[in-house]
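Chemist: Please put together the full structure from these sequences, using the hints given.
Protein chains in written order, with my numbering: chain A, 1 to 246; chain B, 1 to 216; chain C, 1 to 216; chain D, 1 to 230; chain E, 1 to 230; chain F, 1 to 67.
Among these hints, one or two may not hold up.
[Unchecked claim] Derived BS3-like pairs (lysine-lysine); straight-line CA-CA distance at most 30 Å:
no., chain 1, residue 1, chain 2, residue 2
1, D, Lys80, E, Lys17
2, F, Lys53, A, Lys88
3, E, Lys225, E, Lys17
4, D, Lys225, D, Lys80
5, A, Lys88, F, Lys52
6, E, Lys80, E, Lys17
7, A, Lys88, D, Lys80
8, A, Lys88, F, Lys49
9, D, Lys80, D, Lys17
10, B, Lys67, D, Lys225
11, D, Lys17, E, Lys225
12, A, Lys18, F, Lys53
13, E, Lys225, C, Lys67
14, D, Lys80, E, Lys80
15, D, Lys80, E, Lys225
16, A, Lys88, F, Lys45
17, D, Lys225, D, Lys17
Derived from the structure by calculation, the hints contain no laboratory data.
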Amino acid sequence: MAWQWFHRLGSPRWFYEKTSRWLPWLIAGTLSVWVIGLIWGLAFTPMDAKQGNSYRIIYIHMPAAVLALAGYYVMAIAGAVGLIWRMKLPFMVMKSAAPIGAALTVLTLATGSIWGYPTWGTFWEWDARNIFMLILLFLYLGVILLQSVYPSRDGADKACAVLALVGTVNVPIIYKSVDWWYSLHQPATIKFTESSSIHSSMFYPLLLCVVAYYCFYTLALILYTRHEILLREARTSWVQDHALRS
Amino acid sequence: MSEPILTLQELTCERDERLLFSHLNYRCQAGDLVQILGANGAGKTSLLRILAGLITPLEGRVLWRGKTIAHQPDFVRELLFLGHQVPVKGLLTVLENLRWLNRLQTRNPSISEREALQRVGLEACADTPCQQLSAGQRRRVLLAQLYLSQAPLWILDEPFTAIDQAGVGQLETVIDQHRHNGGLVLITSHQTLKINAMRHLDLTDFPPDNRVYDHE
Amino acid sequence: MSEPILTLQELTCERDERLLFSHLNYRCQAGDLVQILGANGAGKTSLLRILAGLITPLEGRVLWRGKTIAHQPDFVRELLFLGHQVPVKGLLTVLENLRWLNRLQTRNPSISEREALQRVGLEACADTPCQQLSAGQRRRVLLAQLYLSQAPLWILDEPFTAIDQAGVGQLETVIDQHRHNGGLVLITSHQTLKINAMRHLDLTDFPPDNRVYDHE
Amino acid sequence: MNEQTRGLFTAFTAILKRDLMLIWRHQSDILNPLVFFLIAITLLPLGLDPSPQLLAALAPGMIWIMAMLAGLLPLDSLFKSDFEDGSLDQYLLTSEPLYLTVLAKILAHWLSTGLPLALVSPLLGVMLALPEGGYGALVLTLLLGTVIMSLIGATGAALTVCLRSGGLVLSLIVLPLFLPVLIIGANAVNAAVAGFAISTHLALLGAYLALTLMIMPLAAAGALKISAGH
Amino acid sequence: MNEQTRGLFTAFTAILKRDLMLIWRHQSDILNPLVFFLIAITLLPLGLDPSPQLLAALAPGMIWIMAMLAGLLPLDSLFKSDFEDGSLDQYLLTSEPLYLTVLAKILAHWLSTGLPLALVSPLLGVMLALPEGGYGALVLTLLLGTVIMSLIGATGAALTVCLRSGGLVLSLIVLPLFLPVLIIGANAVNAAVAGFAISTHLALLGAYLALTLMIMPLAAAGALKISAGH
Amino acid sequence: MPDFKFTSLNDFLLMSGHGIYVWSSVAIALVILGALIVHPLLLHKRQIKQLKKRAAQTRAVTTNDSH
Ligand code: HEM
Ligand SMILES: Nc1ncnc2c1ncn2[C@@H]1O[C@H](COP(=O)(O)OP(=O)(O)OP(=O)(O)O)[C@@H](O)[C@H]1O
Ligand SMILES: Nc1ncnc2c1ncn2[C@@H]1O[C@H](COP(=O)(O)OP(=O)(O)OP(=O)(O)O)[C@@H](O)[C@H]1O
Ligand SMILES: [Mg+2]
Ligand SMILES: [Mg+2]
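Modeler: In structure tokens:
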């Protein structure tokens with residue numbers, strides 16, 4: 001019973017048709033949450049003592065960072081499921097997750113760098129988390145490239161899944177090692193790592209933003225996956241019917 | 001009739017979105033010699049790779065002695081697979097290459113490697129590096145394995161490529177012998193073999209049905 | 001008899017200290033079809049590469065229209081050389097590969113590339129990358145050049161490798177046509193061609209004399 | 001069972017022996033990363049300003065980075081030729097677990113690249129005016145680090161073996177995974193130069209080695225199966 | 001004569017177009033050195049210590065050295081596949097001078113490796129805290145330098161094409177010839193940072209470029225003829 | 001209930017000099033996140049169009065066969 005459900009979940013068609021119904025709600029929800037969280041954060045929270053108003057970038061920056069990190073695990077887990085149960089859909093999800101994660105990583109890097117200018121007086125600082133984000137970007141790029149240059153599609157899926165899994169094992173190690181390195185080399189100029197202790201009045205809008213980003217992520221993931229489904233199932237009857245109907 | 005040693009059940013093969021053949025059912029007894037027929041691009045090589053377990057078919061399964069090969073780790077011990085390419089290193093001498101191929105399969109052959117080389121007419125250049133061999137000579141290094149393996153199942157993909165006619169004659173006798181010793185030989189070749197009592201498996205008999213395969 | 005268009009004079013070929021053949025003298029007229037015979041390792045490929053000017057023989061020379069090919073930069077304009085290997089890039093599509101080979105020779109063919117592909121039965125996969133082709137299909141890309149080139153001299157090294165029998169039949173007719181249009185074809189193949197009035201050049205007729213060649 | 005194990009070992013040793021023999025045939029394979037290593041290091045003073053104290057400060061990190069880049073070079077060809085000439089199919093058709101086959105190739109690769117690299121590193125230390133204290137740590141950490149490099153690299157090579165030019169994807173895959181080793185190794189040498197104990201560093205490296213030793217050959221084996229799949 | 005020249009150009013453009021198309025098909029070829037470059041630079045501070053002033057001091061030399069090593073990577077494969085699949089024979093059998101053929105390949109190679117390298121270098125300058133003054137000089141000198149690299153590299157590649165793994169010999173041939181460029185280039189950037197004019201440096205680079213442009217393609221063509229000989 | 005922390009809209013836009021950083025970040029976020037939604041939708045539309053075209057072709061072919 002549960003298995004049957006699981007396998008229906010594994011069926012692209014089922015996914016495609018279900019998500020068609022969810023999409024409008026998801027879009028509406030995402031936008032509303034984000035608008036509220038962002039306006040609240042940008043306009044209705046007190047100014048940070050140390051950093052002035054530039055700290056407000058956190059409402060864009062931090063959730064992006066968190067999602068970029070979480071996205072890698074989404075990708076890896078999807079790949080693992082695909083490998084273990086030999087299902088098609090998870091591979092499509094994995095393929096879709098890669099560019100989204102990469103984009104969020106870039107967003108983190110960009111906003112972080114912008115933030116760095118007023119705070120550190122430089123766009124790039126060899127801070128542990130910056131480096132980690134850069135490495136994460138490389139990890140994503142590796143998957144994307146492998147996916148794109150692999151001669152056969154099935155091969156690409158499986159290879160990327162293996163790569164993502166190997167990467168997942170190493171991500172924490174990399175993070176720890178970079179952190180450790182930073183603790184040895186921490187320049188006196190930066191002290192923002194302490195800002196993890198966030199004033200509660202900043203906390204709720206930040207929380208809202210994180211939620212909004214999660215919705216964004218799901219939305220983008222679904223949209224990319226739907227496209228992938230249409231690509232791969234093009235020969236199937238239901239896709240052709242769907243194309244004609246729409 | 002005797003019990004089949006190799007059975008192909010409902011095999012369907014797809015290469016990059018294109019079906020090559022569908023519902024391929026076939027059964028071979030020990031002592032059979034099967035030539036696989038088909039035009040260029042028909043899917044002969046693909047089929048042989050499926051039979052060797054190197055590719056998993058889109059559908060169907062391959063049974064060896066009644067069990068799916070995927071679940072038999074020891075199936076490979078009974079298999080000799082010679083493909084299109086020649087797994088021979090140009091920098092190693094002929095003898096070294098042959099010895100290596102032999103070791104890899106952990107065989108304990110009845111005759112020595114040198115003897116096998118002599119059978120394929122390479123005794124003269126046993127110690128010359130393979131990059132200095134002609135096309136046919138390189139191929140002969142590979143074919144020397146036919147004299148060394150005790151595997152009952154031989155899968156040969158166009159073994160006669162670049163081999164001169166004398167050589168082809170020799171090979172045909174070896175293959176015939178093996179099959180008379182109760183072996184099973186699956187072979188592709190665009191030349192007509194001069195061996196009697198061959199069976200033929202024509203891929204055009206199993207045209208792709210364009211049914212849609214979405215696994216649900 | 002008419003004046004020879006290609007003349008081999010006293011050719012002697014050596015590969016790594018070993019003589020393959022000596023004092024090879026031979027003359028071909030326009031309209032000849034010469035099959036070069038010899039066992040594996042006899043030196044057929046080496047001879048063809050000498051004739052194409054890719055290798056310089058140990059001794060002797062090759063005359064094209066009475067002049068040594070070494071001194072004729074334009075000799076290559078009259079030559080179509082198809083070797084063992086298939087100079088086809090796996091990442092480019094069939095059409096792109098053929099078009100490139102064609103441009104390289106700066107030909108202005110009578111028929112379009114697509115037409116040539118259709119002749120060799122590749123029209124279906126004109127736009128598939130070559131790495132997804134089967135052995136025979138890859139080779140066919142190369143052979144499509146036969147329909148495009150106006151070069152009088154064709155040098156073909158085992159062109160039938162991996163080609164199915166229908167394909168071989170086609171090729172034989174093309175070759176025959178070319179030769180009737182006054183072309184000259186030199187070919188090696190281990191299969192016996194079904195073309196009448198062929199000439200044969202057997203390398204065993206020119207055994208290596210073991211005279212010592214020290215060029216002083 | 002006993003027959004089984006014999007089988008394992010013959011194939012394992014067969015591959016190991018052949019690879020070493022191949023490498024031995026053109027030593028260039030061994031020398032290649034070495035020479036790259038040497039050249040890169042010798043170029044440093046030319047590109048930068050060669051004040052000894054600066055060089056000494058840079059030495060550990062530089063040697064480690066260059067060693068890493070040098071180790072990257074030969075990876076691309078680790079499985080390439082086997083894939084192109086069909087040897088890979090033969091590996092898959094041996095009765096032994098692919099894990100062992102891969103391990104044999106990795107071992108051969110390390111013996112021919114990592115080991116020499118670690119052994120010549122002191123020489124480069126001298127060229128870069130590395131203080132006395134550092135040499136032992138340099139060699140030790142490089143010995144461990146290069147093994148890890150070979151293990152991780154094998155996975156990358158297996159994943160990219162069927163790409164016409166997988167060099168990029170390879171480096172992109174391998175380098176991030178190798179980062180921890182670089183950091184620990186370079187810091188170990190610096191610590192040793194400063195006169196501290198490096199037992200923790202070595203312990204960390206050892207732990208990472210154990211982890212990769214478990215995961216990587218499996219991943220590589222899986223990747224090879226996938227590559228042979230078409 | 002006119003017909004002749006047409007012939008020349010069709011073949012030249014044919015090769016150029018195909019190579020660019022090939023490269024485009026797997027952009028990995030373009031990105032390969034780029035990513036190597038990027039990652040190598042990223043690793044630097046992790047091996048050394050990341051204090052901006054130190055990095056700033058190292059930046060010019062480091063970027064140049066890494067650019068050079070990155071340029072070295074794709075060289076090995078410049079003629080390799082053409083040699084293995086017999087395209088090389090076809091080059092030799094075209095009616096046009098091999099000089100042009102080689103030039104076409106070199107041009108394609110530079111467009112796909114050197115140019116992007118030079119273009120991203122400012123980004124790395126930022127990461128290594130290169131002072132404002134240096135950027136213009138960095139890009140300019142790298143643009144010239146990478147062309148020279150491609151020219152020299154092509155000769156090396158042609159000489160080593162028939163070696164199973166010519167990477168070693170290649171780097172041995174290429175690097176010494178390329179050394180002057182490295183030194184001039186790095187010094188130019190340093191000079192620019194210090195606020196001096198770099199016209200002399202550029203003049204020197206230009207002269208060296210002219211020289212290599214005359215010699216190298218000829219040498220490469222000769223080498224290719226030899227390689228095809230067996 | 002949190003209240004508006006800026007004296008005026010202008011003040012809000014300037015953010016005491018840090019506006020440029022904050023708003024550029026917001027802009028980048030809008031661009032990237034927007035792209036993540038729009039891009040797949042465009043791909044999706046194109047794919048549908050292609051499928052339609054292919055279906056039309058196949059139908060044409062089959063009708064020809066039937067004649
Ligand atoms: C390229 C530059 C940057 C990158 C890649 C980056 C990366 C990250 C990452 C990965 C996180 C999530 C950490 C976590 O959730 O534990 C984060 C959070 C954060 N970042 Fe950045 N960051 C950058 C620049 C900055 C700058 C310049 C500042 C401010 C001076 C900053 C302040 C913060 C804060 C306050 C958080 C959230 C609080 C926390 O989780 O610690 N970041 N950043
Ligand atoms: N690259 C090479 N270097 C050295 N010797 C070679 C080389 N290629 C071939 N030889 C030697 O030259 C001899 C002839 O080779 P060649 O390829 O001409 O033979 P062939 O007649 O074409 O044989 P086949 O029918 O197998 O193609 C062989 O015995 C081989 O040992
Ligand atoms: N690696 C691959 N990836 C994708 N498609 C492939 C691949 N190899 C072959 N194909 C496709 O599969 C089909 C069958 O290939 P296969 O090699 O099995 O044919 P074949 O019968 O062996 O032909 P030949 O007689 O030329 O060897 C071909 O049409 C080809 O397009
Ligand atoms: Mg085949
Ligand atoms: Mg030959």
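Chemist: Next, verify each hint and record whether it holds.
Modeler: Now the hints, each set against the structure:
1. For the hint linking Lys80 of chain D to Lys17 of chain E, the alpha-carbon distance of about 27 Å falls within 30 Å, and the restraint holds.
2. This hinted pair checks out: Lys53 of chain F and Lys88 of chain A have alpha carbons roughly 26 Å apart, not beyond 30 Å.
3. Using a Cα cut-off of 30 Å, the hinted pair Lys225 of chain E and Lys17 of chain E holds, with the two alpha carbons roughly 23 Å apart.
4. Using a Cα cut-off of 30 Å, the hinted pair Lys225 of chain D and Lys80 of chain D holds, with the two alpha carbons roughly 14 Å apart.
5. For the suggested pair Lys88 of chain A and Lys52 of chain F, the alpha carbons sit about 24 Å apart, so the restraint of at most 30 Å is met.
6. At most 30 Å may separate the alpha-carbon atoms for a hinted pair to count; Lys80 of chain E and Lys17 of chain E meet this at roughly 18 Å.
7. Under the criterion of a C-alpha separation no larger than 30 Å, the hint pairing Lys88 of chain A with Lys80 of chain D is consistent with the structure, at around 29 Å.
8. With a CA separation close to 24 Å, the supplied pair Lys88 of chain A and Lys49 of chain F stays within the 30 Å bound.
9. Simply put, Lys80 of chain D and Lys17 of chain D have alpha-carbon atoms about 18 Å apart, close enough for the 30 Å limit, and the pair holds.
10. This hinted pair checks out: Lys67 of chain B and Lys225 of chain D have alpha carbons roughly 21 Å apart, not beyond 30 Å.
11. For the given pair, Lys17 of chain D sits about 36 Å from Lys225 of chain E by alpha-carbon distance, which is inconsistent with the 30 Å threshold.
12. As the CA atoms of Lys18 of chain A and Lys53 of chain F are separated by approximately 26 Å, the hinted pair is consistent with the 30 Å bound.
13. Distance check on the hinted pair: Lys225 of chain E and Lys67 of chain C sit about 21 Å apart at the alpha-carbon level, within 30 Å; holds.
14. With a CA separation close to 14 Å, the supplied pair Lys80 of chain D and Lys80 of chain E stays within the 30 Å bound.
15. Among the hinted pairs, Lys80 of chain D with Lys225 of chain E is consistent with the structure: their alpha-carbon atoms are about 27 Å apart, no more than 30 Å.
16. For the suggested pair Lys88 of chain A and Lys45 of chain F, the alpha carbons sit about 22 Å apart, so the restraint of at most 30 Å is met.
17. In summary, the hint linking Lys225 of chain D to Lys17 of chain D is supported, as the alpha carbons are separated by about 23 Å, within the 30 Å threshold.
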